[in-house]
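Protein chains in written order, with the working numbering: chain A, 101 to 513; chain B, 11 to 445; chain C, 5 to 270.
For the record, the hints were derived by calculation from the structure and aren't laboratory data.
Here the structure is a predicted model, which is why all the values come from computation and not from measurement.
Please note: incorrect hints may appear among the correct ones.
Straight-line distance between alpha carbons at most 27 Å, and here's what the computed DSSO-like set of lysine-lysine pairs gives [stated by the list, open to error]:
(1) A:Lys406 / C:Lys117
(2) B:Lys43 / B:Lys110
(3) C:Lys111 / A:Lys406
(4) B:Lys190 / B:Lys203
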Amino acid sequence: MSFTPLIILLLAICTAGYWFGSKKALTIVPERGQARIGRPHQFGVFVVIWGTIPPVFLLILWSIFSLMSGDGENAIFDQIDQVIFPVLLILSTVLGCYAAITKIKSGLRTRKTLEFVVYSLLILASTVSVFTTIGIVFSLLFETLHFFEKVPVFDFLLGLHWSPQTALREDQVGSSGAFGAIPLFAGTMLITLIAMVVAVPLGLFSAIYMTEYASKTFRAIVKPILEILAGIPTVVYGFFAALTVGVFFRDVGSTIGLDVVSESALAAGVVMGMMIIPFISSLSDDVITAVPQSLRDGSYALGATKSETVMKVILPAALPGIVGAVLLAVSRAIGETMIVVMAAGFSANLTANPLEAVTTVTVQIVGLLVGDQEFDSAKTLAAFALALVLFLITLGLNVIALIVVRKYREKYD
Amino acid sequence: MTDISDLKSRDEWVSEGRKARLGKRHRAERRFKILGLGAILIALSMLATLLVSIGSKGYSAFVQTRFELTVTLDEAVIHPNGDSSVPAVRGASYGTLIRKALRAEFPDVKARRELRSLFGIVSKGASRQLRTMVMENPAVIGETISVWLVASDDMDMFNKGYIPRNVVEADRRIKDNEIKWFDQLAAKGATQKVFNWGFFSSGDSREPEIAGIWGAIVGSFYTILITFAIAFPIGVMSAIYLEEFAPKNRLTDIIEVNINNLAAVPSIVFGLLGVGLFLNVAHFPRSASVVGGLTLALMTLPIIIISARTAIRAVPDSIRNAALGLGASRQQTAFHHVLPLSMPGILTGTIIGLSQALGETAPLLMIGMVAFIVDIPGNVTDPATVLPVQIFLWADSPERAFVEKTSGAILVLLAFLVFMNALAVLLRRKFERRW
Amino acid sequence: MQMIAEITNQEMLENNVVISAEEVSVFYSDKQALNSVSLDIPENQITSLIGPSGCGKSTFLRCLNRMNDTVEGCRVEGLITLEGQDIYAPSVDEVLLRAKVGMVFQKPNPFPKSIYENVAYGPRIHGLARNKDELDDIVLTSLEKAGLLNEVRDRLNSTGTSLSGGQQQRLCIARALAVQPDIILMDEPCSALDPIATAKVEELIEELRINYTIIIVTHSMQQAARISQKTAFFHLGEIVEVGDTEQLFTSPSDSRTQGYITGRFG
């Protein structure tokens with residue numbers, strides 16, 4: 101029996117249960133002294149709940165069992181899977197519904213049962229995000245440990261040479277590949293730095309102008325336009341960086357006699373900075389607005405100009421919040437993938453020259469995992485190790501940023 | 011605003027020291043203001059450059075060049091060995107017919123190499139175009155008709171002006187004789203530029219002139235559908251729990267901190283989670299939109315939870331007190347009053363989260379949605395690709411004509427995003443409530 | 005009390021008018037907050053503005069050093085002159101105006117900087133000191149004048165927010181004094197303070213009268229009666245009655261003033 105008809109059948113049984121339940125509820129005569137018995141549909145839902153819990157429970161048990169026993173190729177297993185199990189499901193649903201309907205009588209408090217089920221579902225839903233994190237940590241950690249069985253931790257974290265291409269034949273030179281991740285970290289830092297050099301001043305000054313100088317109409321028009329920058333998909337930025345900005349920098353370089361490669365770190369960094377501008381400006385905007393008006397008044401009343409007030413009173417007061425915003429932006433730049441994949445390239449150069457091509461952690465993860473991959477090769481596993489490093493760094497930055505910002509909020513609340 | 015010369019009238023107000031500094035201070039003020047305005051202008055001009063650069067490259071993807079040829083639908087070719095069954099008609103060599111038509115059009119071309127490039131001015135997709143025509147209307151078999159056939163990508167590029175005429179032949183993608191043929195066709199009015207329906211209605215192809223985005227759009231639709239179906243209920247339920255029911259304890263703290271941190275995890279890490287969880291453990295089919303949707307759902311979940319919590323928090327306590335005062339249970343209060351009142355805010359946040367998911371590429375590369383897929387996916391388990399990944403794939407292709415297609419696909423993607431965000435703004439405007 | 009009142013009566017006749025407001029109206033967007041208010045402020049005296057909340061007294065105060073300029077959508081009509089000069093004339097620089105007309109706010113608002121830096125901020129931006137010694141001098145003198153020096157002498161480098169409420173408010177007064185203003189506007193300076201701190205600040209205000217013209221908005225009629233020589237009663241955006249404090253509180257000519265000071269509304 102295939103899956104879809106089974107589901108439909110089970111749903112049909114539950115619908116019937118709902119109908120019988122509501123129907124029976126109408127026939128109840130309230131006991132003496134009892135004003136209300138509850139709403140009929142509550143009884144219907146009550147029946148449905150009792151009809152759903154047994155099959156769902158069975159389904160979970162069976163899925164765990166099949167996963168544990170691996171690929172069941174034998175006939176008995178198939179027999180159970182195809183015939184006995186569906187029958188069991190249907191039977192349990194019918195029995196559940198029937199039992200619930202017989203329980204319907206005067207004095208039954210359905211609301212409590214119902215609310216308990218709903219409450220459990222709510223708790224279950226809110227733990228999904230926790231399990232997501234656990235899932236991330238485990239799936240990365242597991243493969244990373246495998247990787248460190250093949251490549252020593254220190255070779256990975258401190259090695260200066262990265263060339264994961266494993267040779268085709270065992271006896272070829274360098275068949276194990278080189279997995280020194282320093283060039284990747286350096287490349288990531290270089291591009292992030294360029295992005296910050298572009299985004300922090302532009303974003304911060306935009307925010308200052310928006311909050312302190314701009315009229316309401318100007319803000320209402322320009323702010324959403326600036327936010328568009330944050331809504332453009334990264335793949336579009338990547339295309340723009342590779343095709344327009346990279347070529348532009350190369351051409352400018354050649355006219356002034358500089359050798360700029362078209363996949364330069366500069367192009368990727370500048371475009372990434374462009375993407376991050378609204379991120380910094382809207383976060384700083386919030387932070388600057390949170391500085392109490394009384395401080396501004398105090399400064400203006402002493403005869404300070406706006407710029408003096410901003411530079412000497414508002415920015416120092418807002419500094420922790422702005423630092424938090426910049427940290428969040430750095431975390432975002434480090435984790436950004438598409439722009440660098442499309443504009444920065446795969447060659448792992450260890451250089452600080454922004455006019456040359458560098459590669460980043462995210463680019464290498466994509467390079468190692470996209471396309472044909474063998475499981476358990478050091479090459480594939482290296483991607484997970486890189487991702488774990490990426491996860492830990494962005495998590496660390498984020499935690500610090502959130503603490504800094506919260507401290508700042510507490511100060512003015 | 012103030013001129014130094016105006017200071018005279020207030021001489022008695024100020025000491026000499028202040029007056030001397032005043033000009034300097036006001037110049038600093040002006041500089042500062044210009045700096046702020048300049049930052050905004052630079053950011054805006056960056057945005058404008060991006061949009062203009064892509065728009066100017068992409069708009070021409072929506073038209074395509076066609077050539078009019080007189081094709082004789084020779085029955086001997088269409089019904090090989092006299093077989094007039096449907097499979098035979100479908101399998102017939104329509105390329106032969108087109109080649110014959112081209113030879114008839116340009117009788118002087120004799121050399122083999124020249125002939126090969128002559129046959130190349132029409133798209134490889136043209137034979138399929140002819141086949142569809144014949145299959146739909148078998149009555150035309152045996153007749154000589156004139157048809158508009160799709161031109162090759164190089165001819166299309168030339169017609170749109172991307173390949174300049176006045177360049178040395180060796181540096182040019184198309185050669186002098188090809189230009190000569192094009193001019194001959196143009197002179198007799200046998201070239202035209204028409205709206206490129208195929209771009210919106212067909213799947214991917216190796217040939218840029220017949221490649222379309224419909225497959226990717228359908229893939230994106232399925233993926234976002236799954237994302238919505240998973241992330242929206244779970245997100246709203248989490249938000250209700252955390253705002254309305256959660257006791258102040260350790261577990262709640264952990265959940266809250268965790269959601270905030272999850273929102274900042276790089277998207278590519280979610281891709282690896284998708285590989286580990288859905289492909290390696292649960293053995294879902296690779297490249298399927300259901301896997302993409304699930305992965306993006308986990309990514310979008312924190313965004314939905316955070317915005318839903320904000321919306322729920324904005325409902326004033328007076329509403330809750332009113333409901334509780336009438337004897338409603340806490341759950342009834344939450345589901346009958348708080349949730350409906352906060353729904354516009356929740357939907358706005360959800361749409362914004364989904365539009366982010368719609369533009370997401372990196373995690374989908376991880377779970378293998380990068381395969382070259384010609385067929386339109388029929389359900390959520392079929393191998394599929396999505397619009398951003400299609401853009402990535404085309405951006406990687408060497409053919410000049412794919413630049414135009416990529417930009418065109420980006421314009422379509424941006425149009426979807428603009429639509430979704432406009433919807434969110436509209437929703438907010440319409441239902442915004444100030445308590 | 006009687007004696008002081010006599011002296012102030014004499015003084016009032018002798019004193020010049022520093023600030024004069026004629027038919028001043030203020031609008032926030034479309035809402036009118038002040039309706040055709042006229043008031044003369046005498047030099048080296050304390051003028052108090054009283055009235056129920058929302059009556060426009062703070063709005064009027066904020067017109068006098070053009071603090072309303074920082075509020076978007078605010079429009080001021082009428083004429084306000086300071087020593088004969090229209091302060092809303094296009095040639096007038098509000099920065100210089102505010103240096104001459106200092107202001108102290110309802111809630112103490114020290115900058116999140118050290119005590120020293122709080123006071124030094126004004127002199128720095130206006131370039132009042134040529135070197136560190138002069139700046140030190142200004143800071144210490146200002147703290148001295150504000151009666152705060154003895155309490156903070158050893159901790160000039162701790163933050164201004166670490167002081168008690170009353171000390172913070174005197175720090176804000178010291179900060180205003182450091183710019184060497186002639187006039188000080190005070191917007192309910194004691195409303196956030198306890199009675200002991202209030203007494204200290206009031207004492208300080210009375211001392212400052214010798215060198216400064218002070219305009220104080222207050223909620224407390226007792227305070228107005230205690231410290232001011234001239235009082236204006238605001239109601240619903242208009243001045244109902246203005247006059248010598250003693251006279252206004254003992255024999256008001258308007259029934260609304262009578263009602264307010266006897267506590268029938270407000």
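Do the hints match the structure? See the list:
1. A:Lys406 / C:Lys117: holds (18 Å)
2. B:Lys43 / B:Lys110: Violated, at roughly 71 Å.
3. C:Lys111 / A:Lys406: The given pair, whose Cα atoms are some 21 Å apart, holds under the 27 Å limit.
4. B:Lys190 / B:Lys203: Holds, because 19 Å separates the two Cα atoms, which is no more than 27 Å.
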